[in-house]
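Visitor: So the protein sequences, as listed, match chains A and B. If you're matching positions, the first sequence starts at 1 in our numbering and goes up one per residue. If you're matching positions, the second sequence starts at 1 in our numbering and goes up one per residue.
Check before you lean on any hint, since a few could be wrong.
[Said to hold, decoys possible] Where chain B lies over chain A, by a calculated footprint (3+ residues, C-beta under 8 Å):
id, region
1, 26-37
2, 107-115
[What the hints assert, rightly or not] A few chain B positions that, by computed beta-carbon distances, are all more than 12 Å from chain A:
id, residue
3, Ser-68
4, Pro-106
5, Asn-129
6, Leu-195
7, Glu-261
8, Leu-415
9, Phe-463
10, Leu-472
11, Glu-496
12, Ala-538
None of these hints come from the bench; they were simulated from the model. Idealized CB from N, CA, C, for every residue including glycine.
The primary structure of each chain is shown beneath.
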Amino acid sequence: MSEAKPAVFVRVEGVLTGRGACGAAAYMAANAAGLRERVFRLGHLALATPLYEVLGQSDRVLANRLTYLALRNMSEDRIAELAEEYWQNVLSHQLLQSGVELLKRAQRDKQRIVLLSDGIEEITKPLLEKLPPVAALLCNRLEYRNGLATGKLREPVIGGHDGGQFLAQYALEHGIDLAASTAYGAHGPDVLLMTAVGRPCAVNPDFTLRRAARDAGWPVMDFNV
Amino acid sequence: MSNAQPLSVRTALAGRHIFLTGGSGFVGKVWLSMALTHLPEIGKIYVFLRPKASVPARQRFEKMLNTSPVFRPLHQRYGRDLGAFLAERVELIEGEVTAPDLGLAPAVARRLRRDIDVFIHCAGLVDFNPDIRKSLSANVDATMRVADFVESCDHASLLHVSTCYVAGKRYGEIAERIEPNYAPHAEEFCPRTELAEAHARIESIVRSFSTEDVTQRLREEVLAELHAQGRHEPSAHLLDTLTRKRQREELKNALETEGTERAVRLGWHNTYTYSKSLAESLLLQRGSRLRYAVVRPSIVESAVEFPEPGWNESFNCTAPLAYVMGSWVRMIPARPDAPFDVIPVDLVCRSLTSVSAALATGRHAQVYHVGTSDRHRCSVGRAAELIVLSHRRYLREARHSRSERVLKSRWDAILVEPDTVLGVKTSRAIVRGYDEMLDLMPRKLQKKLGKLTKRVRDMDEDFAQVEKLVELFMPFMYESFYVFKSTAADQHPVVEPEFDWGPALFDWRKYFLEIEMPGLRRWAFPLIEGKRPERYRAEHTIRLRDGARDSDSDAHDELRRPKHDEASAHETMLFSPSNDQR
Chain A
1 MSEAKPAVFV
11 RVEGVLTGRG
21 ACGAAAYMAA
31 NAAGLRERVF
41 RLGHLALATP
51 LYEVLGQSDR
61 VLANRLTYLA
71 LRNMSEDRIA
81 ELAEEYWQNV
91 LSHQLLQSGV
101 ELLKRAQRDK
111 QRIVLLSDGI
121 EEITKPLLEK
131 LPPVAALLCN
141 RLEYRNGLAT
151 GKLREPVIGG
161 HDGGQFLAQY
171 ALEHGIDLAA
181 STAYGAHGPD
191 VLLMTAVGRP
201 CAVNPDFTLR
211 RAARDAGWPV
221 MDFNV
Chain B
1 MSNAQPLSVR
11 TALAGRHIFL
21 TGGSGFVGKV
31 WLSMALTHLP
41 EIGKIYVFLR
51 PKASVPARQR
61 FEKMLNTSPV
71 FRPLHQRYGR
81 DLGAFLAERV
91 ELIEGEVTAP
101 DLGLAPAVAR
111 RLRRDIDVFI
121 HCAGLVDFNP
131 DIRKSLSANV
141 DATMRVADFV
151 ESCDHASLLH
161 VSTCYVAGKR
171 YGEIAERIEP
181 NYAPHAEEFC
191 PRTELAEAHA
201 RIESIVRSFS
211 TEDVTQRLRE
221 EVLAELHAQG
231 RHEPSAHLLD
241 TLTRKRQREE
251 LKNALETEGT
261 ERAVRLGWHN
271 TYTYSKSLAE
281 SLLLQRGSRL
291 RYAVVRPSIV
301 ESAVEFPEPG
311 WNESFNCTAP
321 LAYVMGSWVR
331 MIPARPDAPF
341 DVIPVDLVCR
351 SLTSVSAALA
361 TGRHAQVYHV
371 GTSDRHRCSV
381 GRAAELIVLS
391 HRRYLREARH
401 SRSERVLKSR
411 WDAILVEPDT
421 VLGVKTSRAI
431 VRGYDEMLDL
441 MPRKLQKKLG
451 KLTKRVRDMD
461 EDFAQVEKLV
471 ELFMPFMYES
481 FYVFKSTAAD
491 QHPVVEPEFD
501 WGPALFDWRK
511 YFLEIEMPGL
521 RRWAFPLIEG
531 KRPERYRAEH
541 TIRLRDGARD
551 SDSDAHDELR
561 RPKHDEASAH
571 ETMLFSPSND
581 QR
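With the rest of the complex left out, here is chain B (with noise of 0.2 Å):
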């Protein structure tokens, strides 16, 4: 837009307060590296981590800061003074994001009230289908109590990051704001009401699981497989954890269910985006009480740039369709003309800086999206060929067997109609019928037939694998059309091209063969087959201290009690450099 008043980042962030959650978090980790390496001139940063079970959030964050390969441009530039450095621009922030005023002690939230500029709302849970206590809790409360603790701060902003997919099934232009009461399928929604059901619906399967029936026929089908085991007598202490056991595996299988049967029933694919869109509702139904934008981005994939190219935490959504692609599985169901709407993380994290800048100088849209199918489309088709020419190219390197190299650098992948004669449900009865006629054959034969039926038997879970992932991607390859409309930005173009997020910043031939099919093969599939992806280890590592801020008494008073108090469990961490040396 000619008209639109350029906006420099750089100015507008200058001094700010940005305080961040889920900054252990794909994303988030990418922003904070990013911001602390392109961005001295911010004020300070908060970084707001959760303990988790046994270890405290300062080990946390000293282990992610140690060997995360996002934190080594940090380390590259700043080598032992990188603690000094970010003891300057860092604060570790521990509390409980469920919790009201964020689990704070009371002089560490008035402090942060008085000096946030920016909340960066990036935490979250990703899981498509989880229990839906555990998607609510963290997508749509965690939102809730930011939201509250946002409000009563002297002049903070609020960037929530949501997701492109709160569309639901409504295909076609999407357009860049939240609708009142929204849900693709119900004429008339109101998300308080829904939540409250939800909640309502949730009580009422935990006490139909804790009834006596239900555990006693938990109890009887344990030991009769026990029993089935050869183990006649099992302790009733075995049998008890059994049984508990069991009981919360049923439990959660039922609230998963509940979550997905409720999404879907409402026009959402998942409960994942089920949440996340009432979280927006309900953030709507704040009215002006609340400055807020809300950033929504397509398929967050593998780093153009930052920290490095290919770097890629997100496994759970090109990365396992890449990796069947590259297997003996031919045909997957897709729609080719469809838009692939992936945007890589650095831009995702470019765009939260920008909107935070925006937000900053209040010349913020309400939502953006962040994605690539409106200005830069890439088709599934496309994206689909390149990935497995990227195959082909990795396949055909020396090291691989002959094979590999002749046969299967040319078995390519190829989109098909799910229904298709030879597509995987087809290629699955197929081995299943070989497998059954295996088990019908005689004993003798069976045994010298070994390796085969292992083989076979193995097929048989690849396709049962393969058709799962099929199952779960099967809206977005191949029902879905969305095309988001990315315009807010035009409203303040940004000055700074280090800042820039336009997505015809890369070109998509280069960026799957060169930068994410490699990024994916470095970090994503080795966590497929169940290896470990290279690890990293900084040089010198960085040991945060409890400090003190001289200018803060109370925070200070806060610090001063003992370890184990639970009153200062929330405590404020500062950095400083480690004397180890590695």
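Chain A extracted, bound-state conformation (with noise of 0.2 Å):
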């Protein structure tokens, strides 16, 4: 029977990243085609900014299914061209250097490298060209009907309290020593993630996430770059 193998879980935005959902939505908003689409897209928004500020502390499965309804009805064509140009004028610009550090040290320990991501497909995506080769990414995905996004996720929408479950099955399904695993959170709703590992580390750490990490004597980094 083959030895059960450590294994690093990486939150993407805080980690790797310093945006959000909210960047990448906002931008396809503001470049949806003609202005009186932009307009409500946007509209859309700037209503469902400050909910995604206050839900995404406890539980970022509605903000994020809140925020992505704003890209419903764009094409598909849209959205795929709009995220190349988001990762290549914004988010490959956002890259943090130390959290791909973080992932180079998983390589070199010969680690498995998990992400996960509340950001869709298209965005998240061309980030794996800039990193070392992971085993998986757990990201959002658009459901499209007719070639139209119809504004909802499909299942499993990420960005709740997913993480802890999904890293439980992961484990069963591929071997996973969770005990001697890393989990690198950066979000409130990463708590759970982080409990069902054994070295838990808070990167870049809201304020729900940092006063958990501390009541749990958890280490915490703080780095921009």
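Build the complex: two chains, separate frames, hints provided.
Guide: Okay, here's the thing in structure tokens:
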């Protein structure tokens, strides 16, 4: 029977990039087809963003669902094109090298790397080219019908307290030793993810996670490069 | 169809003799280059060309071989040896497609009757609303001459290149067949009668423009214009010249109008589709005397792969609309859910090859639709979105001005209803209103506002062109909803993937963003802007020589006659590599 191996679980937003889901959605809304569409979509996001800040501290699933509703009826072609632009013009410049170094260290230690992201697949996938090889990327996926986004996210929606459930299932399927594994979290909902592993570490944590880390005695890393 | 027997194109066409008209056109050139590149098995390709004005066919063909990027793959593969290669595979035949026996010398005609296996008739006039005489001559009369010739051959079949849009204003699913006596809006229609009536009407119009009354009227109009220009005593010669010129212009306009009106009255969108449909109907009437297949491409656009991704010479299809969508004109009347049936030119050429193989083996269908609306549909809405995204991508490149990168790249064209408030008509009316207002201002102020006045007038001209364009394409972008069924080719699926022309071979997003739009920018937009696209010159220039086939003494005798002898005007020519080096 093969030995269970450790893995590294990384929350993308906060550890590898500085931007959350709202930034990408706002970029796409601002570049929708036609002025009227831009106004409506940005208006939607203007209402959704404060909710995101509030909900994001406890459960981001609803926050993510509300945010991506702003992309309803946008074409898959436009989303793909704008995602590429967003990556090239914004996100690639927001890549946190310190976070990348954490992955490189994991690679040197021959640990399996698993990324979790609130972002949609179109935005998150280009990130993989800048990172060491990862075993899995768990991110949100937009639902499309007849080439148009319905505004809904396909299940499972990433962002909530699913981190812990996902970890348990993943560990079972891939023979992962969770006690020896590391989790780098950045947001309040990552608490469950981090309690499931033996070596949790809060990276650039928000208020909720910082307090939880302090209470639990977890290491905290702050970097912005 | 799982029971269909596969067809090996290479086996079917090995040693066969193919005759090609329209080899200097967009589709014909690509087919010729493709066949020479991918089908060494073909016995011989006869390329039929007519001389143009003072340029002999040979010179036209040489220029084409040496300066068209379509033949770059051949030049790259064979270099200096291309001439020798072509000498074995290609024979240039000079003639006139509207003449009896295609204007061929008798000996040449005899030999061709014996040898031709498949006759690909690709020649035609693709202008939408030309002088009806030209349309009928090029698209109907020529096709009948070709059919007559093919019927007189020992064993030839005809592959006639038509268009999907012969369907006219009958929408929905269009079957792959020729309906007898077809006219979309006429209950009783006879193509022969229609042709005769059209010719009679043409003669009547031409006669009417030759009368003294008309000549006098035009003379007076010309004189009045000259007087308005301050030329009070023009010479008789000048007056005659200008009057005749005016006469020709008005006759041309009258004949263009006649063609359009006939077409529209009978239910087609324009003279082109009317004439192509007439030709099909007349072919059908030949019954079993003629073995033929009709290939109906939809809108032929940039190549996916051959001769290179993006190659495009057709600038009266998507190019003008795509160009306008990258301008400051935002609102394009179109129906987003309608199929936008475009097909890359190299896939059309693959279909011609495959259908030729089917004809050569007697496995052909009557009609083949070569398009995408049936099995790989792209809607007008999606095509427009991809065109807009392509403009966005292009305008954001660093080489463009700040206003283009920041503003124009985000100035997306959108699809609207024709009567929308801020559509082209309204925008033009606003601009004209400004223009009239400027005209009413005192001269001193007009002088100061000179730049603004010019800008407003330029905008008015731009809008006028856009209006014309929109009117021309409205039938295809807004009024119509066609699905051209494409199942005939299922009867004989091709064995070789390089001759497969199934449209699902390409991805639409990739096609528009990385192939079609860059291709249009490279080859078509410069023409729209009045510039010349990039030029190509082969490294080794190919020259033709007057050749002879040793086995054909009649043709040999023909060629021995002096060049200026009319009887020898229609010669066959072979190739030799040039000693020229560039």
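Visitor: All the hints need checking, so say for each whether the structure fits it.
Guide: Quick rundown of the hints versus the structure:
Against chain B, the region 26-37 of chain A contributes 3 residues with a C-beta closer than 8 Å to a partner C-beta. That satisfies the three-residue criterion, and the hint holds. For the region 107-115 of chain A, the stated coverage by chain B is not satisfied: 0 residues place a CB nearer than 8 Å to a CB of that chain, which falls below the threshold of 3. Chain A leaves Ser-68/B outside its interface by the beta-carbon criterion, the shortest separation being 33 Å against a cut-off of 12 Å. At roughly 59 Å, the least C-beta separation between Pro-106/B and chain A is larger than 12 Å, which holds for a residue marked as non-interface.
Asn-129/B, annotated as away from the interface, keeps every beta carbon of chain A farther than 12 Å; the closest lies near 33 Å. Under the 12 Å C-beta cut-off, the non-interface status given to Leu-195/B relative to chain A holds; the minimum distance is some 45 Å. Under the 12 Å C-beta cut-off, the non-interface status given to Glu-261/B relative to chain A holds; the minimum distance is some 38 Å. The beta carbon of Leu-415/B sits about 9 Å from the closest Cβ of chain A, which is not more than 12 Å, so the claim that it is off the interface is violated.
Residue placement check: Phe-463/B keeps its beta carbon more than 12 Å from all beta carbons of chain A (closest about 20 Å). Remark: the non-interface label on Leu-472/B is consistent with the geometry, its nearest Cβ contact in chain A lying 24 Å away (cut-off 12 Å). Even its closest Cβ contact with chain A, about 33 Å, leaves Glu-496/B beyond 12 Å, as expected for a residue assigned away from the interface. Every CB of chain A is more than 12 Å from the CB of Ala-538/B (nearest about 38 Å), matching its label as outside the interface.
Of the numbered hints listed earlier, those contradicted by the structure are 2, 8.
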